[in-house]
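Protein sequences, first through last, are from chains A and B. So the number in this note's numbering is just where the residue sits in the first sequence, counting from 1, plus 14. So the number in this note's numbering is just where the residue sits in the second sequence, counting from 1, plus 14.
Source of the hints: derived by calculation from the structure; they are not laboratory data. If you're wondering where the values come from, they're calculated on a predicted model, not measured in any experiment. Wrong hints could be hidden among the right ones.
[Claimed, not checked] The calculated DSBU-like cross-link candidates involving lysine-lysine, where the alpha carbons are at most 35 Å apart (straight line), are:
#: 1; chain 1: A; residue 1: K204; chain 2: B; residue 2: K88
#: 2; chain 1: B; residue 1: K210; chain 2: A; residue 2: K88
#: 3; chain 1: A; residue 1: K88; chain 2: B; residue 2: K95
#: 4; chain 1: A; residue 1: K210; chain 2: B; residue 2: K95
#: 5; chain 1: B; residue 1: K192; chain 2: A; residue 2: K204
#: 6; chain 1: B; residue 1: K71; chain 2: A; residue 2: K204
Number of protein chains: 2
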Amino acid sequence: MAGALTIALDAMGGDHAPGVILDGTVLAREQHPGVRYLLFGDESVLRPAVDSRPSLKDCVTVVPAEGVIDGSMKPSQALRKGRTSSMGLAIQAVADGTAQVAVSAGNTGALMALAKFVLRTLPGIDRPALVTLLPTRRGESAMLDLGANVECSAENLIEFAVMGAAYARLVLGVSRPKVALLNIGTEELKGNDEVKQAAERLRATELDFDFVGFAEGNDLGEGTADVFVTDGFTGNVALKTMEGTALLITHLFRRAFRNSVMSMLGYLLARGGLRTLRAHLDPNTHNGGMFVGLNGLVVKSHGGANAAGIASAISVAKDLAQGDLNARIAEDMALFGSRPAVEAAEAAGS
Amino acid sequence: MAGALTIALDAMGGDHAPGVILDGTVLAREQHPGVRYLLFGDESVLRPAVDSRPSLKDCVTVVPAEGVIDGSMKPSQALRKGRTSSMGLAIQAVADGTAQVAVSAGNTGALMALAKFVLRTLPGIDRPALVTLLPTRRGESAMLDLGANVECSAENLIEFAVMGAAYARLVLGVSRPKVALLNIGTEELKGNDEVKQAAERLRATELDFDFVGFAEGNDLGEGTADVFVTDGFTGNVALKTMEGTALLITHLFRRAFRNSVMSMLGYLLARGGLRTLRAHLDPNTHNGGMFVGLNGLVVKSHGGANAAGIASAISVAKDLAQGDLNARIAEDMALFGSRPAVEAAEAAGS
């Protein structure tokens, strides 16, 4: 990983591609000079788009790709038809070592399927997971899994804890992250067997993160841990419930403000403050989820991200690539004494 | 159930008992004259409390009970020591037929354990569930299970759908409720086996409610169905995530308003409208969850409910008792052709 960092961008994925991907890259270039970009997609569209953004000329290489994976394509179709798409080639660039990390705002299911197929799972990791950042009262926390695995064993949950801690260290910059298991109560007796067994093993192992035990749904908004670990079914429902509740309440607020002329006047006066609130909840400021547990880094941007959102996904990608996430995961998994994990730590040479 | 409706009240359960229970009863008496109340608890406290509220004199009977189940008592302890507590005797009154429904704001785990032990499960129902009302963009919806069952089979989910529909009919007053299964995507291929099998059987059965397929976490706030069905683990996490997110956002709003003198002035002007919002989110207006699937009705109030909250739990209890919830559940379960359910429908004589 000596020399310049290279990031592979799926230029055609997402609701506002390719324009927003290019504009996001312009912003990212200002923040992180020296990073290079491979831009995968339709050459006839991308080349003039790069030419019209002079700051990109010396840091971007356009790489032609065939076709786009649209939002409705199933994972199985993506595997059959999508290997040479902009998304497929961006992931392939990571596998080939021509880029250190890929970023895509495209179809999540397709991205997961292609990333798993092309990159394969890290030694010592049974199941990769989807992790993202959440806005909380204290700032930001990470949560995983968000839907890659609908049913999870205690071992899977332990892997998620290790991978989430490594992610939080790099992306949130916390040296010793607090990691909690999502449950339906904080007492040891509560929950299903998987959660109880995972907690028992995490408590019994000397870790380089703080396992703080169980957390409940309301702890997500409170931000009582840096990392919340759960199975993909619960995590997906919890994340979407947060989004839905945020929409519900902002809708009700708007209605409340329209209630009377006085309220409307109040709204106009409070607008400045409300902008701060919107910024805190804006998914663009918490952009850059990823699939952890693969032999290579793939960052998933929100499909509807704006240019600032794409730039923040690129920042996350840069931090992850420079931080050697996977070597940390392998080291931490070795603490649980599983053979492949120990080998992985040795192979990672750290 | 001829003659006056009698409601058994656990006068000692909840954060503000017994005062708030009595004040709630005063409000309920204004709304529903003719209902009678059995008030279970410490006689030396309750009798003067009733005497000081003249409107209660002709509708309340104080029944002495030994001890209180506090918030920290485990379900197993409640079963051993709590049978003659105010909570235990209120449930027993339903089993004996001296009351048609019990209301408690006490310890949820203890209430569930005692209610299951004393009342037993309805014929045809394998597992009782905890159901509650949620505030949504369209008004209110019901969700179950909320933690009574951490692992659920497809059959359990079907039972929850039937019980939830019967509850929504009586409490929300919807004649043909829309019922959805919570999942991680709306396509048929998504989710775990239990959810997929339950959906398949619900689709294949002619029901007297509308099964609308899968819903996702964000549908809870949107209120796209009248009833959301899920396992107790996911339901508990989702409910608490909603509560936590609501707190997070109202906290951020408050901070936004304190941002500047202009914002504060705006807040003062908008206060009227914001009060409407607070009322919509106030748990007291959505009070009256219950354990469905038992041979008797037990309504669970929020522990921190105020007098209006207790009155709304009493209203829910009244609607349920007068609506013959359990006969409806038995009838609907019979549509799935299971033997005990058919017998139950016949026994319910409808």
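Verification of the supplied hints:
1. A:K204 / B:K88: Distance of about 11 Å is within 35 Å: holds.
2. B:K210 / A:K88: The given pair, whose Cα atoms are some 18 Å apart, holds under the 35 Å limit.
3. A:K88 / B:K95: Since the Cα atoms of K88 (chain A) and K95 (chain B) sit roughly 56 Å apart, the hinted pair is violated (cutoff 35 Å).
4. A:K210 / B:K95: holds, 27 Å
5. B:K192 / A:K204: OK: K192 (chain B) and K204 (chain A) at ~32 Å, within 35 Å.
6. B:K71 / A:K204: Between K71 (chain B) and K204 (chain A) the Cα gap is close to 43 Å, so the pair fails against 35 Å, i.e. violated.
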